[in-house]
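Chains as they are written, first to last, in this note's numbering: chain D, -10 to 254; chain E, 2 to 162; chain P, 274 to 373.
You may find that some hints are simply not true.
[Said to hold, decoys possible] Listed next, the in silico DSBU-like pairs over lysine-lysine satisfying Cα-Cα at most 35 Å (straight line): (1) K65(D) with K221(D); (2) K131(E) with K103(E); (3) K320(P) with K57(E); (4) K320(P) with K339(P); (5) K111(D) with K358(P); (6) K65(D) with K149(D); (7) K145(E) with K103(E); (8) K149(D) with K57(E); (9) K320(P) with K65(D); (10) K65(D) with K96(E); (11) K149(D) with K320(P); (12) K133(E) with K103(E); (13) K57(E) with K317(P); (14) K57(E) with K221(D); (15) K339(P) with K111(D); (16) K96(E) with K145(E); (17) K96(E) with K133(E); (18) K65(D) with K317(P); (19) K65(D) with K57(E); (20) K320(P) with K221(D); (21) K103(E) with K57(E); (22) K131(E) with K145(E); (23) K145(E) with K133(E); (24) K96(E) with K131(E); (25) K221(D) with K317(P); (26) K317(P) with K339(P); (27) K131(E) with K149(D); (28) K65(D) with K111(D); (29) K317(P) with K149(D).
[Said to hold, decoys possible] Here are the in silico distance ranges between beta carbons for each label pair: (30) V246(D) with V124(E): 48 to 56 Å; (31) I212(D) with F368(P): 26 to 34 Å; (32) S247(D) with K339(P): 19 to 27 Å.
If you are wondering where the hints come from, they were derived from the structure by calculation, not from laboratory data.
Every residue gets a Cβ at the ideal spot worked out from N, C-alpha and C, and that includes glycine.
In case you want the letters, here they are:
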Amino acid sequence: MIESQRHSYHLVDPSPWPISGSLGALATTVGGVMYMHSFQGGATLLSLGLIFILYTMFVWWRDVLRESTFEGHHTKVVQLGPRYGFILFIVSEVMFFFALFRASSHSSLAPTVEIGGIWPPKGIAVLDPWEIPFLNTLIPLSSGAAVTWAHHAILAGKEKRAVYALVATVSLALVFTGFQGMEYYQAPFTISDSIYGSTFFLATGFHGFHVIIGTIFSIICGIRQYLGHLTKEHHVGFEAAAWYWHFVDVVRLFLFVSIYWWGGI
Amino acid sequence: MRRRVVSSQQLQYVQRLHKWGAAFRSLNSSPSPSTTPSFQQTTTLFSHSEFLSKNKRVEDLMPIATGHEREELEAELQGRDILEMDYPVGPFGTKEAPAVVKSVYDKRIVGCPGAEGEDEHDVVWFWLEKGKPHECPVCSQYFKLDVVGLGGPPDGHGDDH
Amino acid sequence: MATAMFRSSIRSALRGGALRVTPASKRTLSSHSSVEEEAREASKWEKITYVGIVSCTILAAICLSKGHPHSDEPPAYSYLHIRNKEFPWGPDGLFEVKHH
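Just chain D, with the same shape it has in the complex (with noise of 0.2 Å):
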């Protein structure tokens, strides 16, 4: 009975998924460390920590579903730690993002005279901006769309085609990130040809890391709205996956602005 704890917030039990995650987040780095200098053991190391990362955030998450959809721990106020809390880590996110955008912008902006003094550099034969990373800019807005309406579907109640929004949704960002593929396949230039190749592949890339990392959280929550978990009422977890899906959307906007139109002209 919630009198008996005489308040509405949630005191969780105790629960060995914060240090079984650091134990992770030691072995990948460490082995991570060991890998990229070739010590023995490094690749096995960084691969057991990642594997237990991954463990980690299954289990955790599943206890929070748990707690949460199964057991009603999460009322009205305990509901606002995880909003006011995504909110702040996707605010940490565009910190990130701002800081790889800075790092591309502060050599375009003022190329070296080693690299022939223009942007792109010499010997860089750019992508066409209007070919594949046009139609993976519009590929995600689409995708954005998608969301939008698995929201509103599911604020109307109307669960089967929340499914459907969401299927659509991940769908696109399955073709998003296989374009993204083929595109870094085709690509004349790698991440070790000069400064340009540095700042082009971990901008993308890392925005391509965010957008897998979208399309899981996507999956999961349309698993979830399969299976009767998210009510008009109460979908914290969608609402935090669509969030996190439209500042990917953001970022890719601002990638193809900044790197691939501005960067190649």
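Fit chains E and P to the known structure of chain D by using the hints.
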């Protein structure tokens, strides 16, 4: 970002308050939050008057609700405030009509902010004990404790078992 | 469009969707739009999504049919093909393809 919400019952209370033109407040003491009548609910995000008129059940709004969420929702729909976590507000307490502060235990920390408007003062904190009505040293507002729970000391000491 | 959606969804999320109370609302909890309004919004976005899918498919077909010109190898500038240290997995980059 949060709206101050007032139920239809509480609306009348507000009108009476303005007539008497004063307010008192008491705070939950940290070890023992006690139930108090609340005037403003800062955590609800929807209008109460709409709720009470529609008279919906939890099933209509969110059928899979369970546990604490369900209890909170149910109470919301019935216009009840199950936890009464907010500080109580009421008319200025006098010797004849003291400001009554509910408490689960035999004593509770209370803060007096004075009367409405110009007669406000910095909050004065004191322990309000059962059977010992207290007068605020600044504005002489009169407080009385009303034990609605089990009684006993709030820190639980004094129990031999 | 995405930024506006992003911002408006943040705003409505933070306020719990309870800023304006419309008297025509039949549902009590989400006091800013009723089920019918939400359903209309949902079909609007559904149509926008379909427009997006169709245009992306057309554009994709155009892109894929084009093929890309194989430009000549650029001159071996010192800042290209940097290999100060070999990759842990060998000499080639991950997405690098040996054309010859």
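Structure-based check of each hint:
1. K65(D) with K221(D): At roughly 14 Å apart (the allowed maximum being 35 Å), K221(D) and K65(D) satisfy the hint.
2. K131(E) with K103(E): Within the cut-off at roughly 10 Å; holds.
3. K320(P) with K57(E): holds (33 Å)
4. K320(P) with K339(P): holds (29 Å)
5. K111(D) with K358(P): Status holds; Cα separation ~23 Å.
6. K65(D) with K149(D): Since the Cα atoms of K65(D) and K149(D) sit roughly 26 Å apart, the hinted pair holds (cutoff 35 Å).
7. K145(E) with K103(E): It holds: about 9 Å lies between the C-alpha atoms, which stays within 35 Å.
8. K149(D) with K57(E): The hint holds at about 24 Å.
9. K320(P) with K65(D): holds (33 Å)
10. K65(D) with K96(E): Since the Cα atoms of K65(D) and K96(E) sit roughly 40 Å apart, the hinted pair is violated (cutoff 35 Å).
11. K149(D) with K320(P): Roughly 16 Å between the alpha carbons, so the hint for K149(D) and K320(P) holds.
12. K133(E) with K103(E): Satisfied, since the Cα-Cα distance of roughly 14 Å is no more than 35 Å.
13. K57(E) with K317(P): holds (29 Å)
14. K57(E) with K221(D): holds (15 Å)
15. K339(P) with K111(D): It holds: about 26 Å lies between the C-alpha atoms, which stays within 35 Å.
16. K96(E) with K145(E): Holds: K96(E) and K145(E) sit about 9 Å apart, inside 35 Å.
17. K96(E) with K133(E): holds (12 Å)
18. K65(D) with K317(P): holds (30 Å)
19. K65(D) with K57(E): holds (18 Å)
20. K320(P) with K221(D): holds (21 Å)
21. K103(E) with K57(E): The given pair, whose Cα atoms are some 30 Å apart, holds under the 35 Å limit.
22. K131(E) with K145(E): holds (8 Å)
23. K145(E) with K133(E): holds (7 Å)
24. K96(E) with K131(E): It holds: about 16 Å lies between the C-alpha atoms, which stays within 35 Å.
25. K221(D) with K317(P): Roughly 18 Å separates the two Cα atoms, so the pair holds.
26. K317(P) with K339(P): Given pair K317(P), K339(P) holds - Cα atoms ~34 Å apart, limit 35 Å.
27. K131(E) with K149(D): The given pair, whose Cα atoms are some 59 Å apart, is violated under the 35 Å limit.
28. K65(D) with K111(D): Between K65(D) and K111(D) the Cα gap is close to 58 Å, so the pair fails against 35 Å, i.e. violated.
29. K317(P) with K149(D): The given pair, whose Cα atoms are some 17 Å apart, holds under the 35 Å limit.
30. V246(D) with V124(E): 48 to 56 Å: This hint holds: roughly 54 Å between Cβ atoms.
31. I212(D) with F368(P): 26 to 34 Å: holds (32 Å)
32. S247(D) with K339(P): 19 to 27 Å: 24 Å Cβ-Cβ, so the 19 to 27 Å window holds.
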